[in-house]
Amino acid sequence: MKAKLLSLVCTSSLLAMSAAQAAAVDVKITNLTQGIYFTPILIGAHTSDAHLFQTGQAASEGLQAMAEGGSIEALSTTLDSINADKLANPAGGLLAPASSAMGSLTTAENNTTLSIVAMMLPTNDGFIGLDGWKIPTEAGTYHIYLNAYDAGTEANNELVVEGSGAPGTPGIPASPGVAPGTQGAGVTDVEGNSMIHIHRGNVGDDEAVGGKSDLHNTVHRWLNPVAKVTVTVK
Amino acid sequence: MNKFTPIISLACLLLAACGSDNNTTSVTPPAPAPEPAPEPTQYEFKVTAINLTHGQPLSPLGAALHTSGQFWTIGEMASAELESLAEGGDNSGLLGLSVVNSSVSGAAPLGPGKTAELMLTTTSLTDQKLSLVTMMVNTNDGFTGLNSIDVSQMAVGDYAKMTTRAYDSGTEANSEQSGSMPGPADGGEGFNAERDDIDKVAMHPGVVGNDDGLSSSVLTSAHKFDNPLMAVTITRVK
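Those sequence lines, one after another, are chains A and B. Residues in the first sequence are numbered consecutively from 438, following the working numbering. Residues in the second sequence are numbered consecutively from -13, following the working numbering.
Read the hints as simulated data drawn from the structure, not as lab findings. Treat the hints with caution; some may be incorrect.
[As the list claims (entries may be wrong)] With a Cα cut of at most 25 Å, we get these calculated DMTMM-like pairs of lysine to aspartate or glutamate:
#  : chain 1 : residue 1 : chain 2 : residue 2
1  : B       : Lys147    : B       : Glu30
2  : A       : Lys671    : A       : Glu546
3  : A       : Lys523    : A       : Glu510
4  : A       : Lys671    : A       : Glu510
5  : B       : Lys224    : B       : Asp113
6  : A       : Lys465    : B       : Asp185
7  : A       : Lys665    : A       : Glu599
8  : A       : Lys465    : B       : Asp197
9  : A       : Lys465    : A       : Glu510
10 : A       : Lys671    : A       : Asp568
11 : A       : Lys665    : B       : Asp183
12 : B       : Lys32     : B       : Glu103
13 : A       : Lys665    : A       : Glu510
14 : B       : Lys224    : B       : Asp144
15 : B       : Lys210    : A       : Asp486
16 : B       : Lys115    : B       : Asp183
17 : B       : Lys186    : A       : Glu575
18 : A       : Lys571    : A       : Glu644
19 : A       : Lys671    : B       : Asp113
20 : A       : Lys665    : B       : Asp197
21 : A       : Lys671    : B       : Asp136
22 : A       : Lys649    : B       : Asp113
23 : A       : Lys649    : B       : Asp197
24 : B       : Lys210    : A       : Asp643
25 : A       : Lys649    : A       : Asp522
26 : A       : Lys465    : B       : Asp198
27 : A       : Lys671    : A       : Asp517
28 : A       : Lys665    : B       : Asp136
29 : B       : Lys186    : B       : Asp212
30 : A       : Lys465    : A       : Asp522
31 : A       : Lys665    : B       : Glu103
32 : A       : Lys571    : A       : Asp517
33 : A       : Lys523    : A       : Glu546
34 : B       : Lys147    : B       : Asp212
35 : B       : Lys32     : B       : Asp197
36 : B       : Lys32     : B       : Asp136
37 : A       : Lys665    : B       : Asp198
38 : A       : Lys649    : B       : Asp144
39 : A       : Lys465    : A       : Asp517
40 : B       : Lys115    : B       : Asp144
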């Protein structure tokens, strides 16, 4: 406890010493999962009052479009409209399991917090998320582990349906990697929690044809955390 | 999370020094330099690990001190030594790596709810890192541990508490089938050089089990786990 208090005192002293907030920041994202892909990743540095998402709150339309279909267009526009510093799609498409992508940001003076989102495939409306992480002013390398969230906007039926990336269309738009099952009956058609929450995980089943889910229970499950973010403040 | 108290106190001292320049009216004679303490010839670390799982015995824990190298890296292929640990619970390959300068292995598997204590000694602290490895034996190729934790700045009596996560070596498909896992739930095969999975180290997705929809699995709900897997305390005792 004493050590913790000391470190808080030190941190605040260091913050006071470095008034200038603009920073050059490298961001590396590692997909820690064994069988889940990330759609184009959106990274934004913005003022501390802004959010791409908040747990316990309903998803914005932009977040819904990202979580259900992987589109970061609307959220990118939102970031632009609040003068955020943005790094869009550093992986140049999908980020495969156990792979990394990296990019750089130069943050403006007031853009002191970092947020990250990307849809997880195959899921109905699952995404990796970082909400408003305070960018340290002290140069160094920092590690953050991200959990999987559920946007709360679509029932997790776990059925792969072409074209279902459109908001409001039930289904998983694609399942890269191991070919998914077919003709599942659907795990559920109800989304019982319409707020953003920790994803309960894919269920999957062990049948290539039929069963409840089009996903495989030995391939498409995960345990948190699902992503590692390495931030280097220069 | 892994910052040790010496790092914090050093930062505080530096700050204190910065702010103390304005009181220079009285000059006190410098205190006589204290006799330099004799360097201890041997440093010792105690590693205490608790198996937090419900029903996954952990293969004999292997702990090592090394000044370079990583026992695994997410996204890279597992070494043959790591594969041997993750599929068969044999830590001798990893502990025998040339970068390792001190190592110790538990004598027996560590059952759920049980605590193990391992002692590591070395004659130099410079750049020392500590790694800890063990297999969840009722899995195909699941392992947990610590990878290159810097212990070089720890003072005697300092301790660091951390938890470990579940990893998958990516060298064997998680079939959970009879004959494929060495633990007591199956009594099947351990190491097999064939690689029939993604061949990259990743985090473990968890076991499915027969109760949870994998009808060909010999595992049950009793073998399921979630992160974290172990609670570990590293203490510098000497």
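Starting from the hint list further up, note which numbers the structure goes against and sort them upward. 4, 7, 8, 15, 16, 17, 18, 20, 22, 25, 26, 31, 35, 37 and 38
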